[in-house]
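*Asks:* Two chains, two frames, some hints: make the complex.
Each protein sequence line maps, in turn, to chains A and B.
Count along the first sequence starting at 1, add 37, and that's the number in our numbering.
Count along the second sequence starting at 1, add 406, and that's the number in our numbering.
Don't read these hints as lab results, they were simulated from the structure.
Errors might be hidden in some of the hints.
Quick list of simulated restraints, FRET-style, between CB atoms [stated by the list, open to error]: (1) B:L514 <-> A:S42: 18 to 24 Å; (2) A:I83 <-> B:P519: 16 to 22 Å; (3) B:N542 <-> A:E43: 39 to 45 Å; (4) A:L40 <-> B:P652: 39 to 45 Å; (5) A:T190 <-> B:D518: 22 to 28 Å; (6) A:K185 <-> B:L514: 18 to 24 Å; (7) A:N91 <-> B:V744: 29 to 35 Å; (8) A:T190 <-> B:Q560: 50 to 56 Å; (9) B:L514 <-> A:A158: 16 to 22 Å; (10) B:P519 <-> A:L40: 29 to 35 Å.
Partial list, computed: chain B residues near chain A (C-beta under 7 Å) [as the list claims (entries may be wrong)]: (11) P436; (12) D444; (13) A458; (14) G467; (15) L632; (16) D739.
None of the values given here were measured: they were computed from a predicted structure.
Built from N, CA and C at the ideal position, the CB exists for glycine as well.
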Amino acid sequence: MNLVSEGDDETLIRIMSEDTIWYCGQCMSCKPRCPRGNIPGVVIQILRMISQKNGYFIHSAMGRQQLAVKRSIGHNILETGYCIHPTRVNPDLHPEQGPVWEWMSDNAPEVYGRFDKNYDASGPGLLRRISPESLEELDRIFEVTGCKNLWETLETESEKQIDGKFAKYD
Amino acid sequence: MTKYWKDYQKEIAEDEFFYVRSCIRQNFFPGAENLFIDILRNKLGKAIFEDADHTTCTGIGYHSDIVPLETIMTVVARQFALMKERGYKNMIVSCVTSFGIYSEILDLWKHDPALKSKIEGYLKEATGRTFEEPGNMVHASDILYKFRQEIAAQARYRLVNHETGQPLKVVDHIGCHYAKTFPERGVGGAEFPQVLTGLIRAWGGETVDYPERRHCCGFGFRQYILQPSRGYSISHSRTKLESMKPYEPDLIVANCPGCSMFLDRWQYTLEETDGSVYGPANEKIPVLTHEELAGLVLGYDPWEIGLQTHQVPVEGLLEKMGIPYDPEKKYTDRSGRVIGHPEKIHNSICHESR
Chain A
38 MNLVSEGDDE TLIRIMSEDT IWYCGQCMSC KPRCPRGNIP GVVIQILRMI
88 SQKNGYFIHS AMGRQQLAVK RSIGHNILET GYCIHPTRVN PDLHPEQGPV
138 WEWMSDNAPE VYGRFDKNYD ASGPGLLRRI SPESLEELDR IFEVTGCKNL
188 WETLETESEK QIDGKFAKYD
Chain B
407 MTKYWKDYQK EIAEDEFFYV RSCIRQNFFP GAENLFIDIL RNKLGKAIFE
457 DADHTTCTGI GYHSDIVPLE TIMTVVARQF ALMKERGYKN MIVSCVTSFG
507 IYSEILDLWK HDPALKSKIE GYLKEATGRT FEEPGNMVHA SDILYKFRQE
557 IAAQARYRLV NHETGQPLKV VDHIGCHYAK TFPERGVGGA EFPQVLTGLI
607 RAWGGETVDY PERRHCCGFG FRQYILQPSR GYSISHSRTK LESMKPYEPD
657 LIVANCPGCS MFLDRWQYTL EETDGSVYGP ANEKIPVLTH EELAGLVLGY
707 DPWEIGLQTH QVPVEGLLEK MGIPYDPEKK YTDRSGRVIG HPEKIHNSIC
757 HESR
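With the rest of the complex left out, here is chain B (with noise of 0.2 Å):
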């Protein structure tokens, strides 16, 4: 490895790990966070530990500038003291809002130490509590990236077309804040992000490049939360899925959730608006979060890891990859009772709904 590529690598912790969760991961993929845990936990053999105290890092108040700095640090600080409670010094952040706001954080308290003190002193002055630094700190891509080929050793389904042999072609979308900010602390920098195109590699896939790769989701915090600018948001995802269209992906893989919301609801209402799809063969392209990605590729259940609950069917990437599925049990309850269905669901791969 040249001197350059290892200024694109970063400290990614062996084991023993505090897991802080995501709010919108947690909302729209409700099945991702406990399977990334029980990947580490039961394939990896890592250890990960869940605070039930810990909450929100307020990310989302804080980009659309309704908490100020300094709350949101003592907030931070807040979760870095349960993590010294419970005798944890490696972090993983599922959210990657959180993760460039806990990398902000930490960059902000390098540099002015004095502004770290004035956060211990507010912490200690709510909550009696005392913090230490992560010793490593790191997304949740960043730990499959790390096993990427130790997941791959115990694939039971690569990402190839089971019948035609061919790797799928991957669209790998890196959140904005997961290195944009601070490259260093993202796997390949801002400019050459590895940590989704290492997974979708060492599992069989091909990487497509595309002129919009990079281009934001359209999340813009405020301007999706509030009603009348949720058209910034649209014609963002827009602009990316306009421009992978040519290229017919077979699957979008995001790290951050919101992107991975984004790029999988805008699907559905740009078809609503104007009868856009963007996958190949009329057919919306199937997003997962690179958890969820794992989850396929070591062979766990779709419904139990929860990929109904995505706008886009997955059916269709479920069939190219030859993983079986019982259709009745896709809107089932923790016991098997069927709760009903989803009304109107327009794509073709959605085989119920046609």
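Excised from the complex, chain A in its bound form (with noise of 0.2 Å):
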């Protein structure tokens, strides 16, 4: 916090091409905690937008990691509606979510359909299908409120070299 109080533009670069600010979890336990009200999560959030936006993510090895994010939550949003959808949740990839997890994504149309008529169907209820009106909705907004550049940003700031060694992370 006092570091970023402080503003220094190299110190803050510095701050933004490293690790650190991605070892948050966003948790916010720090408002309640912070005797001046602070919420040094919403800092670490802000800074790792400018970080993202302005390529200074890719010196950082969790900073890179950030178009894997981008590349499995982001395109669950605009493919599904869903941040997370049980067809993208690979058990392979899921291991400690356990054998009931495996079970219900090797059925899943028996497991949640036993629960809503309506899984993967139109209409309201439990992980409906998203409408393609709906979809192009959030796809309009994400286009109009900058999400899409900053996704273009993640993209080709993650092709490029850097220290001789490719920066890409998938």
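*Replies:* This is the structure in structure tokens:
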């Protein structure tokens, strides 16, 4: 907080090029603990966003992981209308989810269909299929508000060569 | 009630609700939201509406930093627009991450009307829609808290060991984004949350206080999403589980779908990793969502509300509460056909695996 409040550009760029800002878990437990009412977690959010928009993130291994987040969660959002979807939480990549998740994933229509006839269908309900019109509206929002530009920056900056090594992370 | 305690209360609307679902809750606790809707409609006699056109709020993307503030604000503004178009003013949010985001957005707009105007422009340009802020916006657990005595009056089972008559020891876990950032939006604020303890006590249970009670479950957004940093997540859950273990809890209840999932799944992973088990009698601790807790108390069939989708089996809890269940119906589809069984469930309270 002190380094940020001092406002030294060189220091800020260094912070935004290192791993440390990517350690935060965004639980915001810092808010009720801060005697001055600050929210360091939100300051970190802002640093992360500036780091990505200006390409500083590719100088840190944890920063470069943002491309993977964009290609998983980001694409889930625009392609399904959900941040996560049963068809996209692969048990092989999530062994910690255990055998019950593997069973749910393998039998998704039957498991989810038990609780709602509208699973993966039109109309309201559990994990309903989001209509093409709604997905189009989401896509337009992402375009108009600059999220698409951010994602383009994540892709192009991640292709750059850093210190003789490709920074691409996938 | 003293003046000071009034500061820890919040306004919760009485009826006529517009409901927005949670990505995580739908994926991992697929019976919970329809159960909540059923309780409101058929047990409490409330009107609750779900619009097919609402989408994710994009909150996981926002807190893992790939969705800018203006983008998530406009997506949330679209949900508000749908609510306005349907004629509702009272919003119930299923997800705690979403609830925190909605709270953050309404607070930012309150302090920066120009930002709200900017978002109005974005929404109009992208969708042609206009919106109004909700008259009342609460988390789903707030609703069960408000009507906890009405539910208690209809209870078929209580949070009591039916053989000993002793109250069950229940850990309450409040999702961090419920009230840590905006304490005035949570029942009991950030330091004295009552939203789940109110349910536990009203339904006969005993709450467990333990040192890491307010510690985060460890989701960490990008920390869990990315495999290399997933240890961040499990280490936080482990901190909590080790801290609560000496108190021998019968049950954990959480109002956040992510917390419910992690406290459930990480118990499996920790046992697989080093053999650690955190419940009494060398058993894992069942984890329920607030809807599922209400559902059991009200006498819903455990498998019809989705308790078979938990990694930690719930049979031991059902037996303590005296709730009958049919093991043959646990892993069936809508028609009653068995659709196979999950492999290797090691918990000693999962009877069918022993």
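*Asks:* Which earlier hints can't be squared with this structure?
*Replies:* Hints 7, 9, 12 not satisfied by this model.
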